[in-house]
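Use these hints to put chains B and C onto chain A, whose structure you have.
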Amino acid sequence: MRRLALALLAVVGLLAVAGHLIAPHDPLAQAPELALRGPSWVHPFGTDYLGRDVLSRLVAGTGTTVVAAVESVGAGLLLGVLPGLASLWFGRGVEWLLLRGSDAVMTLPFIVFAVAVTGILGNGLTQAMLAIGVLFAPLFFRVTRAAGLALTRAQYVEAAELFGASRWRVLRTHVWGKVAPTVAVTAAQATGGALLAVSSLTFLGIGVQPPAPTWGGVLASDLGFLAQQPWAPVIPAALIALTVAALNTLADDRGLRAAR
Amino acid sequence: MSTLLEIQDLSVEYDRHLVLDGVSLAVRTGEILGIIGETGSGKTTLARAVAGLAPVRGGRIAFDGTDLTALRGRARRAWRRTGALQYVFQDPLRALDPQHTVGTIVGEGLAVAGRQRPAEIATRVSDALTRVGLDPALAARRPGEISGGQRQRVLLARALAVEPRLLLCDEPVSALDASNRNHVLRLLAGLRDTAGVTVVVISHDLSSLAGIADRVAVLYGGRLAEHGPIGDVLAAPRHPYTALLVASAPSVRRERAVPAARLRGTGPGYDGGCNYSARCPFATAACATAPALSTVDGDRAVACHHALADLEFTS
Amino acid sequence: MLRVDDLRVTVGAEGTEAVRQVSLTVHKGESLGLVGESGSGKTLTCRAVLGVLPPGAEVAGGRITLDGTDLTTLDRRGWDRIRGGRVAAVFQDPASYLNPSLTVGRQLAEQLRLKRGLRRGETRAAAVELLEAMGIRRAEAVFGQYPHELSGGMLQRALIAIAVAGDPGLLVADEATTALDPAVQAEVLELLADLRERRGLALLLVSHDLAVVAQVCDRVAVFYAGEIVEQGPTADVIANPRHPYTEALLRVASLGDWRRRDLAVIPGRPPEPGAYPPGCRFAARCAFAAERCAEPVEPSTVDDRTVRCVRAGELALVGA
Numbered sequence: 000m001r002r003l004a005l006a007l008l009a010v011v012g013l014l015a016v017a018g019h020l021i022a023p024h025d026p027l028a029q030a031p032e033l034a035l036r037g038p039s040w041v042h043p044f045g046t047d048y049l050g051r052d053v054l055s056r057l058v059a060g061t062g063t064t065v066v067a068a069v070e071s072v073g074a075g076l077l078l079g080v081l082p083g084l085a086s087l088w089f090g091r092g093v094e095w096l097l098l099r100g101s102d103a104v105m106t107l108p109f110i111v112f113a114v115a116v117t118g119i120l121g122n123g124l125t126q127a128m129l130a131i132g133v134l135f136a137p138l139f140f141r142v143t144r145a146a147g148l149a150l151t152r153a154q155y156v157e158a159a160e161l162f163g164a165s166r167w168r169v170l171r172t173h174v175w176g177k178v179a180p181t182v183a184v185t186a187a188q189a190t191g192g193a194l195l196a197v198s199s200l201t202f203l204g205i206g207v208q209p210p211a212p213t214w215g216g217v218l219a220s221d222l223g224f225l226a227q228q229p230w231a232p233v234i235p236a237a238l239i240a241l242t243v244a245a246l247n248t249l250a251d252d253r254g255l256r257a258a259r
Numbered sequence: 000m001s002t003l004l005e006i007q008d009l010s011v012e013y014d015r016h017l018v019l020d021g022v023s024l025a026v027r028t029g030e031i032l033g034i035i036g037e038t039g040s041g042k043t044t045l046a047r048a049v050a051g052l053a054p055v056r057g058g059r060i061a062f063d064g065t066d067l068t069a070l071r072g073r074a075r076r077a078w079r080r081t082g083a084l085q086y087v088f089q090d091p092l093r094a095l096d097p098q099h100t101v102g103t104i105v106g107e108g109l110a111v112a113g114r115q116r117p118a119e120i121a122t123r124v125s126d127a128l129t130r131v132g133l134d135p136a137l138a139a140r141r142p143g144e145i146s147g148g149q150r151q152r153v154l155l156a157r158a159l160a161v162e163p164r165l166l167l168c169d170e171p172v173s174a175l176d177a178s179n180r181n182h183v184l185r186l187l188a189g190l191r192d193t194a195g196v197t198v199v200v201i202s203h204d205l206s207s208l209a210g211i212a213d214r215v216a217v218l219y220g221g222r223l224a225e226h227g228p229i230g231d232v233l234a235a236p237r238h239p240y241t242a243l244l245v246a247s248a249p250s251v252r253r254e255r256a257v258p259a260a261r262l263r264g265t266g267p268g269y270d271g272g273c274n275y276s277a278r279c280p281f282a283t284a285a286c287a288t289a290p291a292l293s294t295v296d297g298d299r300a301v302a303c304h305h306a307l308a309d310l311e312f313t314s
Numbered sequence: 000m001l002r003v004d005d006l007r008v009t010v011g012a013e014g015t016e017a018v019r020q021v022s023l024t025v026h027k028g029e030s031l032g033l034v035g036e037s038g039s040g041k042t043l044t045c046r047a048v049l050g051v052l053p054p055g056a057e058v059a060g061g062r063i064t065l066d067g068t069d070l071t072t073l074d075r076r077g078w079d080r081i082r083g084g085r086v087a088a089v090f091q092d093p094a095s096y097l098n099p100s101l102t103v104g105r106q107l108a109e110q111l112r113l114k115r116g117l118r119r120g121e122t123r124a125a126a127v128e129l130l131e132a133m134g135i136r137r138a139e140a141v142f143g144q145y146p147h148e149l150s151g152g153m154l155q156r157a158l159i160a161i162a163v164a165g166d167p168g169l170l171v172a173d174e175a176t177t178a179l180d181p182a183v184q185a186e187v188l189e190l191l192a193d194l195r196e197r198r199g200l201a202l203l204l205v206s207h208d209l210a211v212v213a214q215v216c217d218r219v220a221v222f223y224a225g226e227i228v229e230q231g232p233t234a235d236v237i238a239n240p241r242h243p244y245t246e247a248l249l250r251v252a253s254l255g256d257w258r259r260r261d262l263a264v265i266p267g268r269p270p271e272p273g274a275y276p277p278g279c280r281f282a283a284r285c286a287f288a289a290e291r292c293a294e295p296v297e298p299s300t301v302d303d304r305t306v307r308c309v310r311a312g313e314l315a316l317v318g319a
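Residue numbers (numbering that gives the first Met the number 0), protein chains in the order written: chain A, 0 to 259; chain B, 0 to 314; chain C, 0 to 319.
FYI, nobody ran anything at the bench for these hints, they're computed from the structure. A hint or two may mislead.
What the hints assert, rightly or not - Cross-link-like lysine to any residue pairs, in silico, SDA-like; alpha carbons within 20 Å at most: (1) A:K177 to A:S165; (2) A:K177 to B:G29; (3) A:K177 to B:L92; (4) A:K177 to B:R140; (5) A:K177 to B:G102; (6) A:K177 to B:Q98.
Claimed, not checked - Sample of chain A residues lacking proximity to chain B, with all beta carbon distances greater than 10 Å (derived): (7) A15; (8) H19; (9) V41; (10) V93; (11) A146; (12) A159.
Just so we're clear, the structure is a prediction, and the values are computed from it rather than from any experiment. Using N, Cα and C, we set each Cβ at its ideal position, and we do this for glycine too.
Chain A on its own, in the form it takes in the complex:
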């Protein structure tokens, strides 16, 4: 199972980097006379309402989608893990403040927040994903805290303190090595979630200007032509679902292995 997941993610990764080079046709090339055709040798996934090759659009759109997802997870990591560690080490006051901050962010509704941010900061995918990143931060904050809380009272941490080690040193040598695996697992899961988020946002038309291809965008346009091509949405949907599943499989497996 794990190898399958890794293989799929490798393909997705490859496409993300080099998709626009591999795509058989120009994803932006329109050919109205070939609109809404079914799968054929020339167009394995058929064409969309403007006669663009669906396969090429999906392949080329991988990059945008994946980068956006990674961006948001990255933002979440930064905004969550560092405060998480800080809350453990810098005393009650800091801890309280950070906990309340995290609670506040967790109350914000997801898509609405993203829409609001892009409304304020301008409609770019990066802005939207940073907004999603902020919403992810509490997750990383809590996970880091949970993993680290038990460690703050560990005897080997006390032993290090008795040698006169600074808090930073203790964090670096004793705590990080134990917190990092949990954070990594959470990050893998979060990437799956972020992917769904990107797809949802681009589905709604937020963040990406047409005609740039994204998975969610393709899905959206497919739904508009459900009558003519009922099978069409299955393809981008499946792509999204499989990638998320692969990420979760990897996360589960890694989590299980760390637990052993």
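For chains B and C alone, kept in the frame of chain A given last:
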């Protein structure tokens, strides 16, 4: 003899409960002092307080003139980095980072002190491992890969690597069987004899201490009951609790001068008085006031109104 | 009462032999101590007697009979009848053998109901009485307390109460006092000795501490590397050991001697299961080893003493 560690009137409180109540004790340079007491006597708290791991509510702890209780933050870290005082934890499983190798663990104190280059540290680590009777090749293993007895020695090696002047060992041999126990105790005695290291050993097992300690202090309920040269104290205890411990110690020779049963009793527990009175068969009305630690016979001190003179313990 | 004949226990997937040729008897009202280092086989033997060998370990030979019942061929139901009623056990860490969410009294009452067939109304009084008999002074109060509220010594007494609730003929104590404070240890050992006298309870005590065994047991069996190297009346064995390992154990044991002395050690380590030499297993660490010791050794019994040593008759060993 000069005093290396001076504990004056130390009190420690956890959750509004007084775990240590006005304990005063002096540890002399180059001696091995044993501290005995049951669970709840405060012996571990005493060691942790000296190491700086317990909240001190009152009193003073001085190491070679330096007031440890007044050290905070950066000053405290700087003092700790000198490595003069080392605390050896009780449970090797919890006190060793499972992700680090033995080499990293033993060298941690030196690495933190930052006074030596990695090559020197490696040599010192090898030395320390050899001193505790371990093969230096063990440095590449992780705690989970070695035996319990070896882990105990790694704990000791970690403390020795920084060349301490005072070693505080919390139950260093409780988890070991008789032969391994004696190995480690001999090691500690060797440190005193050849390297002049002062050692404080906390234990609930009398006989292992008796082999190597110079003096012993008996703790009960957070207070000092008795202290003095170990041979004298154990052969002729003055405090009823010490007498009970001596009589209770299992021995291969079955005859006993005084059976433990005679030393057990329920007395009136005086609130604010002697904290042992509830268990003492010799308690009288005088015990309603807490007895002070008073000197007896030169080098011994007892906190008991009745300081037993009529029971003899020879074995 | 209990009779173990030529017991052989193997562990692990490959059936590595861990215990062999172990024969011992415990008569009614008698106490036998099993002493040895960790890994010597004493615990595995004790577990085999109770039918609680760890996964992977099994009885590969020999017989264990309790008053005529063959314990080696019992099924689950057979064991349910035996345990608690004819043989009971207490182990090292009392807290882990009690349900933390039930009061001590309830757990004792349950045992009384199951084993003595008492009805619900009667169990409370019987339980309190039993706790008192175990030396617990405020038995009424303790009845209603939870395990975490009691000290190690009290918990162990409560467990002993649960063990004897079913009026067993044999009590097995596996390192039962090892984790207790010394003053409490003495009390619990006295309790066990007391139970022997008052109830005629036979006792099988396992300990790594020879001093503990010396205090409570009439007879002792010394284990080393999966075999019994010496067996006999405790006082005799201690005064006149016939096996070098027994002598070594006596040298490192607590003598109750309070003078400063050179602490003795036994150099080397015992062999691991699977790496046992063909001859005497103690030879590598033995001060008296001769060439003959490389040959397989059989135990020999003379005057109620069994020794597994080819040089037993000729050595002048020092006792305590």
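Unmet hints by their number, sorted upward, for this structure:
Numbers 2 and 12, in rising order.
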